[in-house]
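Participant: Residue-level listing of the chains:
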Amino acid sequence: MAMYSKRKKTFELITQLVRKQLNYKFSRFLFLFERWRKEFYRMSWGDIGYWCITVTWCYLVLSSNSIWADTSFSNVIDDVQPKIVKIYGAGGFRGLEPYQSGFLISSQGHIVTAWSYVLDTDELTVTLNNGHRFDAQILGSDPRTEIALLKIEGSDFPCFDLEKTVEVDTGSRILAFSNIFGVATGDESASVLHGCIAARSALAARRGAFVLPYKGPAYILDAMTNNPGAAGGALTDRQGQLAGVLGKELRDAANNTWLNYAIPINELRGAIDDIRTGKIIPRHMDADIKKPKFPTTIEHLGISLVPDILTKTPPFIDKIGIGSLAELAGLRTDDLILYVDEHMVQSCKEFVRELELIDKDDKITLTVRRDQELVTAELQAKSVSPATPQSD
Amino acid sequence: MTQKVATAMLAVAVVSAPLYASENEGSFSNVPQQVLQAEADRVQAIATALRSSVSVFSNDGGGGGSGVVISPDGYALTNYHVVQPVGEAMKCSMPDGILYDAVIVGIDPTGDVALIKLLGRDDFPSAVMGDSDQVRVGDWCFAVGNPFLLATDFQPTVTYGLVSGIHRYQYPAGTLLEYADCLQTDAAINPGNSGGPLFDGKGHLIGVNGRGSFEKRGRVNVGVGYAISINQIKNFMGFLRSGRIVDHATLGASVSTDEDGRVVVTNILKSSDAYRRGLRYGDEILFFGNRVIQSANEFKNTLGIYPKGWRVPIEFNQDGKRQTRLVRLAGVHREEELLGKMQRMSDPPHQDKPVPDQERKHRKQDGDGQDDQTPDEGEKSSEKDQPDVPKPSKPTLPQKKNIPESVAPVYEARRGFANYYFNRFHRDRIWKALLNHGDFQNCDGAWTLTGQLGEEDSLELVISSEHVDCRFGDEQELIDLKQDLDAQLVPHGSGGLLVALHLWHRFLTMGPERFGEVYYLGTAPMSGQNELVDVLVAIHDTIEVHFQCDVKTGYLVGMEMYPERDVDPCEIRFDRYETRDGNETPYRMEVRYGDKSYGIIEFEDVQMDASSDDSA
Chain A
149 MAMYSKRKKT FELITQLVRK QLNYKFSRFL FLFERWRKEF YRMSWGDIGY
199 WCITVTWCYL VLSSNSIWAD TSFSNVIDDV QPKIVKIYGA GGFRGLEPYQ
249 SGFLISSQGH IVTAWSYVLD TDELTVTLNN GHRFDAQILG SDPRTEIALL
299 KIEGSDFPCF DLEKTVEVDT GSRILAFSNI FGVATGDESA SVLHGCIAAR
349 SALAARRGAF VLPYKGPAYI LDAMTNNPGA AGGALTDRQG QLAGVLGKEL
399 RDAANNTWLN YAIPINELRG AIDDIRTGKI IPRHMDADIK KPKFPTTIEH
449 LGISLVPDIL TKTPPFIDKI GIGSLAELAG LRTDDLILYV DEHMVQSCKE
499 FVRELELIDK DDKITLTVRR DQELVTAELQ AKSVSPATPQ SD
Chain R
20 MTQKVATAML AVAVVSAPLY ASENEGSFSN VPQQVLQAEA DRVQAIATAL
70 RSSVSVFSND GGGGGSGVVI SPDGYALTNY HVVQPVGEAM KCSMPDGILY
120 DAVIVGIDPT GDVALIKLLG RDDFPSAVMG DSDQVRVGDW CFAVGNPFLL
170 ATDFQPTVTY GLVSGIHRYQ YPAGTLLEYA DCLQTDAAIN PGNSGGPLFD
220 GKGHLIGVNG RGSFEKRGRV NVGVGYAISI NQIKNFMGFL RSGRIVDHAT
270 LGASVSTDED GRVVVTNILK SSDAYRRGLR YGDEILFFGN RVIQSANEFK
320 NTLGIYPKGW RVPIEFNQDG KRQTRLVRLA GVHREEELLG KMQRMSDPPH
370 QDKPVPDQER KHRKQDGDGQ DDQTPDEGEK SSEKDQPDVP KPSKPTLPQK
420 KNIPESVAPV YEARRGFANY YFNRFHRDRI WKALLNHGDF QNCDGAWTLT
470 GQLGEEDSLE LVISSEHVDC RFGDEQELID LKQDLDAQLV PHGSGGLLVA
520 LHLWHRFLTM GPERFGEVYY LGTAPMSGQN ELVDVLVAIH DTIEVHFQCD
570 VKTGYLVGME MYPERDVDPC EIRFDRYETR DGNETPYRME VRYGDKSYGI
620 IEFEDVQMDA SSDDSA
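Residue numbers (this note's numbering), protein chains in the order written: chain A, 149 to 540; chain R, 20 to 635.
For the record, the hints were derived by calculation from the structure and aren't laboratory data. Treat the hints with caution; some may be incorrect.
[To be verified] Among chain A residues calculated to face chain R with C-beta under 10 Å, some are: (1) Val224; (2) Asp226; (3) Pro230; (4) Ala324; (5) Gly334; (6) Glu336; (7) Ser339; (8) Leu341; (9) His342; (10) Met372; (11) Asn408.
[What the hints assert, rightly or not] Ranges of calculated distance between the beta carbons of each label pair, as one might list FRET restraints: (12) R:Arg70 / A:Arg386: 28 to 34 Å; (13) A:Thr405 / R:Glu536: 58 to 64 Å; (14) R:Val54 / A:Thr459: 50 to 56 Å; (15) A:Asp283 / R:Asn336: 37 to 43 Å; (16) A:Thr405 / R:Arg363: 35 to 41 Å; (17) A:Arg386 / R:Val570: 45 to 51 Å; (18) A:Ile196 / R:Val54: 35 to 41 Å; (19) A:Gly478 / R:Arg363: 56 to 62 Å; (20) A:Thr405 / R:Phe167: 51 to 57 Å; (21) R:Asn309 / A:Ile196: 39 to 45 Å; (22) A:Arg518 / R:Val50: 48 to 54 Å; (23) R:Gly280 / A:Arg518: 41 to 47 Å; (24) A:Asp283 / R:Asp152: 31 to 37 Å; (25) R:Gly280 / A:Pro443: 45 to 51 Å.
Just so you know, even glycine gets a beta-carbon here, dropped at the ideal spot from N, CA and C.
Generate the whole structure from the sequences, applying the supplied hints.
Facilitator: Next up, the structure:
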């Protein structure tokens, strides 16, 4: 009887192991174990030994030939999908889709996505693969790589491990996960496309054909991965390991060709880490910084911004004063202000607040985006006009 | 035991041996065996699947799309938006190099499906049906078709890809061309692929390609194509074979996902069957059609796979209690509304559909298609100068009369039908099967049925051409057939059993020709059973009767009598057929009304008089 219960214990252990090992979808096959249970109790140790050898041998034979050489990606995809998120934000007019894609990179809810107009809102929603919805907070973004990091509240999220990413070679098969065309809503899974790496090439090498602030290497893909809503999606290898971030839609102005590309994740690691560790955050959120007595104002620089009508109006220059510091520095109408010195600004309000931290006689470096190019302008108070005494 | 083990090991070795056999074919010698095997499997699957594919062309050589043969007698599936501009008769090429005449059979404008029939053979290569509910994201698949109408050499194009999404929902244009519960693939779906098959990696038919997301990149594939799932089409198959213009279903209630993720009823029509079955505002939907419902989209997807009129199980949570009901689904459209919408569809504002640009422009020129009934010869000849420009001949379906001789015997125009020929065919087929079991056309006198209702009451029924008389226990009910039938729904609680029996008598003695309007509805599940029955709809005065016949045996197994719109029918199940005077008669009837059983009648004797003069 002792033998019996020992066997029973062993059986429970095996069942548990099998349950853990197999996908829950296969759990229906467990009835086979139930059936074998009685046989198992009655078997001699010799028989058990034979069975163990047989099962192992069958496994080895089968797993090495094409019956089990899994030709479907469905298991890999099932593993990746929970890490992909659908992001909903600003847009919804003039062909600007109010959605894009992203993926989780930490179990605490850090999400990598593309930096775009979709994030220009205070009401950013993230929907997980299981349909759970979260309000997302923008931790920061890096306009040079056009990447943004979001955060949702919670823990134990399924995620990619940035320590375990892959570089993929030209010709490697890849999978692209994104919510293209916003097809998926709620608990519906993102779309998956397959393809190959056609080339690894610097985007800037296209001689201005495809203009992007990002000048580093990119994976050029042979699948039509970069559709509306795809930006921020994940590129993985055939094992589902993270290789890159799907870029925004990009079209050659000359020949209307659309480019399908992803930025290698390793090119973005630095920016992601910087945002995550708080290196790229607006300074006005830092309470320790003292404001100068005579702060800079936009009037002083000769800049007027577009009307601030949104919660996060992008700081586009609306007008430049004639003979102003801004004009002398070469700034133009329609430039989008990205940085004040080293500090990123994401809205008109942030820009104004950032200026308040700078003494009006100090040199200011503004980084702006002009037609997809990053331009740096230095605004220096005229040395000929000495600071006019201002007394209180 | 040891022997068993040895046998098992041997079996595995035998099975795996051919997979190991190295072939050493020149430069392929260093390619792993699995890869070569996978390639060989794929080549084989495509070669087999290819044989059933069809390229659809309009009779004048312009316009067209793709299709797939699903039965050896030539029934083929395509899109409604393919046949809509092409017309009732079309030419279909197959990879065997033969151009076949084909005729329209049935259409589903809401679901964008059309059934056509290729003529001239009864041994067409047909596709193996798959199960689209078993498809997983990441599975390989391939589309076969006629993109850009390239198949002028009759050889279709194969595009390979993987399944990008399942259970997708694509909004309709208005109420037509809704893609519910569809498959999404990155296999290239281009204009002209419409109506063509999507096969899984094994070459089993899992869907019918019909549309893609294009937006600003022009009307070519951008890696996002959609296929109508084959399981949805399976539900509609009987309806499509009926030659009718079929409709999709609505519950009569709208649902939405609330903050807690529950799917709740936010609006419900009091006239709907769902309301009569007890569904109310605020109830949480748990299951619908045996699918777990976790989002409003999921509900819409599930609803989209059922035809109008089907009864589908629904489980809902009402004040903490789980209720399971069978609910009868109403149509998305009223009949006239659907016909009107089809008329207007001659110029669809649809940018999602892979219809060639030229075709769209042409449709715009046609206006709403009302005044373009005769073909413009001048335009047609100019078309011949530009063979690669697909143009449809005429815009609307039901009005055209340009039927070639070869197709004329199997085409019959009638309002509300895609091709009445097939409806008549099935109506006659079912009637013939009924006659095999019993011919009552000479027994048009009084029928006297005696037996037991339930356990206690003895019952006598007299059905004549003037009244139906019923005695059970001490009670008597009588209906006068000269009065309005819908005002005599007795006995109480049966929903009009006597009227139903009268119409049963009338149908069996008169046959479908003399009964009134009788048409074939298609196949539907009976009271939520899985097996489908053939349904004939018979209309007498204002009363609609559905006669349900077993598909295999041809027995009349049930009927539903609807005295008017939006009320519960009186349902009778016929059972225990026994032969009497050479005719098989049911000796058991179960009567149901609403959610309740009225009773079971077991007959002991059935007298059927030949002459109507004998009636009481």
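Participant: Confirm or reject each hint.
Facilitator: Hint by hint, here is what the structure shows:
Interface hint status for Val224 (chain A): upheld, as the beta-carbon distance to the closest one in chain R is roughly 7 Å, under 10 Å. Interface hint at Asp226 (chain A): satisfied, since its Cβ lies 8 Å from the closest Cβ of chain R, which is below the 10 Å cut-off. Because the beta carbon of Pro230 (chain A) sits about 13 Å from the nearest beta carbon in chain R, more than 10 Å, this interface hint is broken. Hint status for Ala324 (chain A): holds, given a least beta-carbon distance of 9 Å to chain R, under 10 Å.
Because the beta carbon of Gly334 (chain A) sits about 4 Å from the nearest beta carbon in chain R, less than 10 Å, this interface hint is met. A cut of 10 Å between beta carbons decides the hint on Glu336 (chain A): the least distance to chain R is about 7 Å, and the hint holds. Hint status for Ser339 (chain A): holds, given a least beta-carbon distance of 4 Å to chain R, under 10 Å. The restraint placing Leu341 (chain A) at the interface with chain R holds, with a minimum CB-CB distance near 4 Å, inside the 10 Å limit.
Because the beta carbon of His342 (chain A) sits about 5 Å from the nearest beta carbon in chain R, less than 10 Å, this interface hint is met. Checking Met372 (chain A) against chain R: minimum C-beta separation of about 3 Å stays under 10 Å; hint holds. With its C-beta approaching chain R no nearer than about 9 Å, Asn408 (chain A) sits inside the 10 Å limit, and its interface hint holds. One distance hint, 28 to 34 Å for the beta-carbon pair Arg70 (chain R) and Arg386 (chain A), holds here, with the actual separation near 32 Å.
Range check, Thr405 (chain A) to Glu536 (chain R): Cβ separation about 60 Å, and the 58 to 64 Å hint holds. Distance hint for Val54 (chain R) and Thr459 (chain A): a CB-CB separation of about 54 Å, consistent with the stated range 50 to 56 Å. About 28 Å separates the C-beta atoms of Asp283 (chain A) and Asn336 (chain R), a value inconsistent with the hinted range of 37 to 43 Å. A beta carbon spacing of about 37 Å between Thr405 (chain A) and Arg363 (chain R) agrees with the range 35 to 41 Å that was offered as a hint.
Range check, Arg386 (chain A) to Val570 (chain R): Cβ separation about 46 Å, and the 45 to 51 Å hint holds. Between Ile196 (chain A) and Val54 (chain R) the C-beta distance comes to about 37 Å, which sits within the given range of 35 to 41 Å. Checking the proposed 56 to 62 Å range against Gly478 (chain A) and Arg363 (chain R) shows it holds: the Cβ atoms sit about 57 Å from each other. Thr405 (chain A) and Phe167 (chain R) have their C-beta atoms about 20 Å apart, which leaves the hinted 51 to 57 Å range violated.
Here the CB-CB span from Asn309 (chain R) to Ile196 (chain A) is close to 42 Å, well matched to the stated 39 to 45 Å. One distance hint, 48 to 54 Å for the beta-carbon pair Arg518 (chain A) and Val50 (chain R), holds here, with the actual separation near 52 Å. Between Gly280 (chain R) and Arg518 (chain A) the beta carbons are some 45 Å apart, a value that agrees with the proposed interval 41 to 47 Å. The given range of 31 to 37 Å is respected by Asp283 (chain A) and Asp152 (chain R), whose C-beta atoms sit roughly 35 Å from each other.
Between Gly280 (chain R) and Pro443 (chain A) the beta carbon distance is about 49 Å. The supplied range of 45 to 51 Å therefore holds.
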